[in-house]
Amino acid sequence: QFAQYAEIVNFTLPNGTTRSGQVLEVMGSKAIVQVFEGTSGIDAKATTCEFTGDILRTPVSEDMLGRVFNGSGKPIDSGPAVMAEDFLDINGQPINPHGRIYPEEMIQTGISPIDVMNSIARGQKIPIFSAAGLPHNEIAAQICRQAGLVKKSKDVVDFHEDNFAIVFAAMGVNMETARFFKSDFEQNGSMENVCLFLNLANDPTIERIITPRLALTTAEFLAYQCEKHVLVILTDMSSYAEALREVSAAREEVPGRRGFPGYICDTAMSHTRLSFQPHSGGSKPLLSFSPDITHPIPDLTGFITEGQIYVDRQLHNRQIYPPINVLPSLSRLMKSAIGEGMTRKDHGDVSNQL
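Position in the sequence shown counted from 1, then plus 524, gives you our numbering.
These aren't lab readings, by the way, just hints derived from the structure by calculation.
The model shown is predicted, which means the values in this text are computed figures rather than measured ones.
Just so you know, not all the hints are guaranteed correct.
Listed below are the simulated BS3-like cross-link pairs for lysine-lysine, each with C-alpha atoms no more than 27 Å apart in a straight line [as the list claims (entries may be wrong)]: (1) Lys-706 x Lys-598; (2) Lys-869 x Lys-859; (3) Lys-554 x Lys-569.
The calculated label-pair distances, taken between Cβ atoms and stated as ranges, are [as the list claims (entries may be wrong)]: (4) Asn-615 x Gly-713: 32 to 38 Å; (5) Thr-541 x Asn-687: 37 to 43 Å; (6) Asn-687 x Asn-539: 42 to 48 Å; (7) Ser-707 x Ala-655: 22 to 28 Å.
Note that CB positions come from ideal geometry on N, CA and C, so glycine has one too.
Using the sequences plus the hints, can you model the full thing?
What follows is the structure, encoded as structure tokens:
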């Protein structure tokens with residue numbers, strides 16, 4: 525059969541192990557295939573290839589909550605394989621803009637600079653701009669532990685465990701960070717509501733490109749088919765963009781700003797997928813982490829998302845936690861999610877006064 529663009533390829537190595545890859549380019553009778561698990565140990569003469577004729581789909585199930593997966597979606601928590609309820613395309617379904625609901629319900633994170641002065645709405649996308657040595661991992665873990673939906677006209681937070689889920693994807697993190705997140709969720713009892721995807725720094729770069737897509741596909745399933753409120757946290761989007769740059773350089777494509785490829789707006793698709801919600805489904809706000817704000821990724825992220833939250837080094841050096849600088853921080857949808865019948869009548873006035 526003829527190879528197709530974005531088709532999935534299965535490799536069987538001489539020792540019997542299997543790996544998967546994706547067709548990047550087709551030239552006549554030849555195809556360039558990107559191997560997700562890395563190419564080390566592959567003998568070109570003794571390895572067999574099978575073109576599946578299908579795109580990359582991920583198995584999804586409500587049982588994925590409380591589990592830990594690697595960047596390719598395989599369980600790494602010594603538990604059994606997940607019994608799939610469905611196999612979904614990781615690039616998501618076509619989006620109907622008319623089906624979007626304007627975000628009007630606040631998500632309480634338990635972090636006062638965010639809740640009081642930069643309130644996040646259900647369905648909002650918001651990046652956290654941080655840098656090396658700052659406690660963005662601790663802030664992310666705290667949001668996972670404490671996040672809940674403020675119910676409209678009741679002024680109460682819904683922490684009901686059956687209704688609220690968190691999908692957490694870490695890209696390019698070291699072992700220490702991965703262990704921190706895993707142990708933090710387990711110790712605080714929030715692990716049963718969290719689906720964790722961990723792509724480590726020593727994992728293949730190409731895996732980093734599919735990790736956020738797997739996380740978003742899982743979030744879409746939990747939100748739209750299981751009718752849960754889903755908070756999605758992606759860290760760190762800079763690692764994702766650098767993976768795109770690495771793959772682009774290997775393919776000898778024309779580079780753009782700072783060597784990044786022209787399709788770096790591919791991140792825009794990741795962000796847009798989160799914000800759309802059908803009239804009956806759940807919510808998927810986004811928190812992504814980008815270390816350096818002059819970098820093309822935070823620069824681009826600021827345009828795509830509805831606001832930003834700055835983690836400040838000077839505040840951190842003064843031992844203030846969380847070191848969030850509220851003046852350059854912004855939440856563009858805060859005005860719709862606060863006030864009488866939602867949080868408090870004087871919420872906006874208190875925020876402006878502070």
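Going through the hints against the structure:
no.	hint	in the structure
1	Lys-706 x Lys-598	16 Å, holds
2	Lys-869 x Lys-859	12 Å, holds
3	Lys-554 x Lys-569	15 Å, holds
4	Asn-615 x Gly-713: 32 to 38 Å	34 Å, holds
5	Thr-541 x Asn-687: 37 to 43 Å	41 Å, holds
6	Asn-687 x Asn-539: 42 to 48 Å	46 Å, holds
7	Ser-707 x Ala-655: 22 to 28 Å	24 Å, holds
Consistency note: the structure conflicts with none of the earlier hints.
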